[in-house]
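Can you build the whole structure from these sequences, using the hints too?
Residue numbers for the sequence shown follow the working numbering, beginning at 1 and rising by one.
These are calculated hints, taken from the structure and not from any lab test. Please note that the accuracy of each hint is not assured.
[What the hints assert, rightly or not] What follows is a list of derived Cβ distance ranges for each label pair:
id, residue 1, residue 2, range
1, Pro9, Asn65, 15 to 25 angstroms
2, Glu28, Ser5, 27 to 37 angstroms
3, Val7, Glu29, 29 to 39 angstroms
4, Tyr10, Glu67, 21 to 31 angstroms
5, Ser5, Gly68, 17 to 27 angstroms
6, Asn23, Ile46, 16 to 26 angstroms
7, Glu67, Val7, 34 to 44 angstroms
8, Lys6, Gly69, 38 to 48 angstroms
9, Ala58, Val26, 11 to 21 angstroms
10, Gln11, Lys37, 21 to 31 angstroms
11, Phe64, Lys40, 18 to 28 angstroms
12, Glu67, Tyr24, 12 to 22 angstroms
[Claimed, not checked] SDA-like, lysine to any residue: derived pairs with alpha carbons at most 20 angstroms apart:
id, residue 1, residue 2
13, Lys61, Val74
14, Lys42, Asp12
15, Lys6, Ala16
16, Lys61, Phe49
17, Lys38, Glu28
18, Lys31, Lys6
19, Lys31, Leu53
20, Lys37, Gly69
21, Lys37, Tyr73
22, Lys31, Ala58
23, Lys61, Tyr36
24, Lys31, Asp12
25, Lys42, Pro9
26, Lys40, Lys6
27, Lys40, Asn23
28, Lys31, Phe18
29, Lys61, Leu25
30, Lys42, Cys55
31, Lys33, Gly69
32, Lys40, Leu53
33, Lys33, Thr62
34, Lys31, Ile20
35, Lys33, Asp12
36, Lys42, Glu67
37, Lys61, Glu48
38, Lys33, Lys6
39, Lys37, Thr62
40, Lys38, Pro4
Note that the structure is a prediction, hence the values are computed from the model and not measured. Cβ atoms here follow ideal geometry from the backbone N, Cα and C, with glycine treated the same way.
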Amino acid sequence: MRFPSKVTPYQDSILAKFPIVLNYLVEEEMKPKDLYKKVKNKVSDIGEFLEILDCLFALGKTEFNREGGTLRYVDRNSM
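Written as structure tokens, this is what we have:
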């Protein structure tokens, strides 16, 4: 996982890619493969994409709907 540091600038870290993924999920729920198709030219590889999803899930920004197999954005302010 690439976090910002002295050797990794923010724009090269996975944190800079959170908004890219979240912008798609704010609009609609998506299956992970469809989301990857939309962002694959903005992430370095599938591994980085999965790291981004892991972090967003751990931060409580996304949820996975097992029934539909979709990811969705979680807006904690609306609860």
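Range hint 38 to 48 angstroms: satisfied by the CB atoms of Lys6 and Gly69?
holds, 40 angstroms
Hinted pair Lys33 and Thr62, Cα distance within 20 angstroms
holds, 15 angstroms
Please verify whether Lys61 and Leu25 have alpha carbons no more than 20 angstroms apart.
holds, 10 angstroms
At the C-beta level, are Ser5 and Gly68 separated by a distance inside 17 to 27 angstroms?
Since Ser5 and Gly68 have Cβ atoms about 38 angstroms apart, the given range 17 to 27 angstroms is violated.
Agreement of Lys33 and Lys6 with the hint, judged by alpha carbon distance not exceeding 20 angstroms
Judged against 20 angstroms, a Cα distance of about 33 angstroms means the pair is violated.
Would the hint linking Lys38 and Glu28 be met if the CA-CA limit is 20 angstroms?
holds, 13 angstroms
For the pair supplied as a hint, Lys31 and Ile20, is the alpha-carbon distance within the 20 angstroms limit?
Distance ~16 angstroms between Lys31 and Ile20 Cα, so the pair holds.
So if I understand the rule, the pair passes when the alpha-carbon distance is 20 angstroms or less; does Lys40 with Lys6 pass?
Between Lys40 and Lys6 the Cα gap is close to 26 angstroms, so the pair fails against 20 angstroms, i.e. violated.
Hey, Lys31 versus Leu53, does the alpha-carbon distance stay inside 20 angstroms?
holds, 12 angstroms
Taking the beta carbons of Tyr10 and Glu67, is their distance inside 21 to 31 angstroms?
Distance hint for Tyr10, Glu67 is violated at roughly 37 angstroms.
Satisfaction of hint between Glu48 and Lys61, Cα-Cα up to 20 angstroms
Status holds; Cα separation ~17 angstroms.
Against the 20 angstroms threshold, does the CA-CA distance of Lys31 and Ala58 hold or violate the hint?
Roughly 18 angstroms separates the two Cα atoms, so the pair holds.
Violated hints, listed in ascending order, are 1, 4, 5, 18, 24, 26, 35, 36, 38, 40; each of the other numbered hints is respected by the structure.
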